Amino acid sequence: MTAAAMGAVPGFRTCPATGHKIDRQAELLIKVNAVVAVVALLVGATAALLLALTRWQAVHLLPAVWYYRILGVHGMNMLIFFIIFFEMAVLWFAGTVLLDARPAAPKYGWFNFGLMLVGSLIVEAMQWSGRADVLYTSYPPLKAHPAFYLGIILFAVGALGVVGQFFATLTIAKREKTYAGSMPLVVYGAVAAAIIAVITLLHGAAVYIPTLLWSLGIIPTINPQIYRLLWWALGHSAQQINVAAMVAIWYMLGALTVGAVVLNEKVSRWAFVLYILFISMASAHHLLVDPGFGPEWKIVNTSYFMYMAVLASMVHGFTVPAGMELGMRLRGFTDGMFGWLRRAPWGDPGFSSLVLSVVVFGFFGGITGVTLGTEQINIIAHNTLRIPGHFHATVVSGTAVAFMGATYYLLPLVFRRKVAFWKLAQWQPYLFAGGMLLVETGMTFAGSFGVPRRHWDISFSQAPFDVPFNPAVDLFLAMVGIGAIIAVIGAYSFILIAVKSVFFGEPVTSFPRGVVVAGIPQGLTHPPVHAANVNEINEKLHAPGGSKLGPTPGTVVLVTAFFLAFVLYYFTNWKLLSFLWKIG
Amino acid sequence: MLTKVHTGLEAVPGIWWQPAHKTEKVWVAVAFAWCMVLFAMMPLWHWKGGQNPSGVRTRVDPKAYFARTVKFAQQYKVGDDRGIPIVQPPPGADVYLVGLTYQWYPILKLEQGKEYMLHMSSLDVNHGFSLYPLNVNFAVVPTFDYALRVTPTAAGDFRIICNEFCGIGHHTMVGRVIVVDSAGRSVADNTGARVGYGGAR
Amino acid sequence: MYPSPDDAPKSERIPLGQRLFDNVYLLLALGLLVMLVVFTGWGMWEILSIPQGTLP
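Residue numbers (my numbering), protein chains in the order written: chain A, 16 to 599; chain Y, 2 to 202; chain D, 357 to 412.
Hints listed in this document are in silico derivations from the structure and should not be mistaken for laboratory results.
All values reported here derive from a predicted model rather than from experimental measurement.
Careful: at least some of the hints might be erroneous.
With a straight-line Cα cutoff of 30 Å, these simulated DSS-like cross-link-like pairs (lysine-lysine) come out [to be verified]:
no., chain 1, residue 1, chain 2, residue 2
1, Y, LYS110, A, LYS555
2, A, LYS590, Y, LYS110
3, A, LYS590, Y, LYS23
4, A, LYS555, Y, LYS26
5, A, LYS281, Y, LYS26
6, Y, LYS23, A, LYS563
7, A, LYS597, Y, LYS72
8, A, LYS515, A, LYS46
9, A, LYS192, Y, LYS5
FRET-style restraints, in silico, Cβ to Cβ [stated by the list, open to error]:
no., chain 1, residue 1, chain 2, residue 2, range
10, Y, MET37, A, LEU511, 41 to 51 Å
11, D, GLN408, Y, GLN75, 17 to 27 Å
12, Y, VAL79, D, GLN408, 24 to 34 Å
13, Y, LYS72, A, ALA73, 42 to 52 Å
Beta carbons are placed, not taken as given, at the ideal position from N, Cα and C, and that holds for glycine.
Start from the sequences, fold in the hints, and give me the full structure.
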């Protein structure tokens, strides 16, 4: 079936903005997964507010039982339900829309969605009813009701099913030649995410099936260290799915908002391949001060195999902004070193989300992650609030912000609705990211004073001994509380905008070019197309003898600043470690 | 020879397996060198540094470990605090600490500058050893004895916070470690502490 | 050999690296293999080979 014939087939529509062929069944699957993702985000964000107002000791909102209970709800809803349902939407989108292809066995898409939905509702019910007060990690010998584990297994099986359908869709698209040459880079990133998802979910099955049997009394014990090994192969690798998906979305949003170009396919694809091969090993980050493993295993795994996956991140950290800079310079934004950045569409929430995601993920999330994941440095950080400080910077300020940015384009393109509350939408990324930055900063500093994570009361009012924390800790926890209020307003804003747009929004049937329309991002009304002679301009920019810093001098300055920050933060932590007792 | 200008949303026909431009090559080289530094630091610290989580790790039965800890406490007991024995082992000794819901047992009294083999395990669920205010953190996993050679570097009155969720009493689980200096003095006595609801069960 | 490079059969022109990178199932297999050997397999071996303690 050729691409041309597909446009006339009733199962497809042609997108008026991009010309892509959109299979109607795939479109429905994209929508329903995205909607459920946003519902989970609502639950998770509400939980976040309650938790932050409890860790802010001056407020101490929730009683102990509910703090730990809602902590589990927050983890599950954010790290599993919100993010994975959204990623299912991304996979359906990348495999079909971006390749003009039909989905493989879409009926099974509904079956798998059903499994995920039923599984998540069972888990939700178990957590809220107090039958699973074991937190998101559920470490044995802590034991939950069997239905808790069963729900997670159903969810994982459904997700694995969708991933399988994604691979099948790719095979069909290749066979039916719906695109020429190699798949777009954005889809390649989705492939990396999907492969890591297989690694993640297989380990999930390996850990949850025996644990379910143990909770039913069928097997007598679970080795707690083996559980931790397998669980973190699921738990941390799930976050690496998020990293790959986020980077894919970076390339997509760059292209849509400013016409970002791919500097070199080989370089960017190498970076995704390094993710596929090595990034999941860093699950070892959580096991560095565990008794189960010797230093060789810890060093090889925590380093993502000699930091090859960090190399990959640093590559994307260059090629994403450089692609944006080059894309803009090719379109005439050549003034000075940062004219392209100053004159970029900061009022486009897709663009601002992209930049905030790249900057906070890179500078805050990435640097702290690599540092805290160093075998010995972990000694001063494990299970302190520095850990949530790190991972909120990656998965929230990085992945969630990128997903929100993508939504602003998804709404008019896939849902075919204008973005509601447009003025609010333009501010939303700044509000959310700003609030989260306060949360992450507060957590990181409090943690460096020894404040534990997952802990209801650091005044230790019910403990036999006092723990006189430095009074600065109260300030940092207040920062977490206030930051959370701002961030949750930002999250609620996003949800309000999404719900209003999807269910009550103004329909969009065409994208008038050159007209500013409230509710349609500028990338769709003023598409960043390149001139006919762009290849000539590109050759000139790359010719030797140009700027000392090459064709993307602004990005070179930015990555240099990033590199210096990395080196400084990293070695400072070694110095802090050296003040400790001798331990070996 | 550059490929045609295109975005990440476009399929790529032809050969895209091309050499990188000089700027990319330089950045990859810098990043690669940095990755090698990152990787080398860990073995280097094992060789030259003072803090490593290697330890001597063995498998134990939780009840047997608990019994051994009780025997250790009785052998070197020098006092009591809120019902928990204060235990002062000689330098170089095997020191036993156990975490259980919801306390750390016993209270250790160590000497600055002396080395001890600190054993840690749990009687029941996972716990987190977090020595305040130094911020020394280790996972305490039942059925595993995590023995670390430790040398306290300064005298003081330390706390052990539990930082691995272990149940509803998790936030009441606090232990105490006293380190005396070479003259046998501890830094302030724990006069600021209040008798709470927790303590030995 | 051909009037123009575009006339050469595709398989003669695409470099091996590009073909490998385009092979999604190969990447899936390698990704799984590396993880299962280096992290999971070796990790399980580490845990299971910890000796019984004597509690001296």
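Quick rundown of the hints versus the structure:
no.: 1; hint: LYS110(Y) to LYS555(A); in the structure: 73 Å, violated
no.: 2; hint: LYS590(A) to LYS110(Y); in the structure: 27 Å, holds
no.: 3; hint: LYS590(A) to LYS23(Y); in the structure: 35 Å, violated
no.: 4; hint: LYS555(A) to LYS26(Y); in the structure: 19 Å, holds
no.: 5; hint: LYS281(A) to LYS26(Y); in the structure: 12 Å, holds
no.: 6; hint: LYS23(Y) to LYS563(A); in the structure: 11 Å, holds
no.: 7; hint: LYS597(A) to LYS72(Y); in the structure: 26 Å, holds
no.: 8; hint: LYS515(A) to LYS46(A); in the structure: 14 Å, holds
no.: 9; hint: LYS192(A) to LYS5(Y); in the structure: 21 Å, holds
no.: 10; hint: MET37(Y) to LEU511(A): 41 to 51 Å; in the structure: 48 Å, holds
no.: 11; hint: GLN408(D) to GLN75(Y): 17 to 27 Å; in the structure: 24 Å, holds
no.: 12; hint: VAL79(Y) to GLN408(D): 24 to 34 Å; in the structure: 32 Å, holds
no.: 13; hint: LYS72(Y) to ALA73(A): 42 to 52 Å; in the structure: 45 Å, holds
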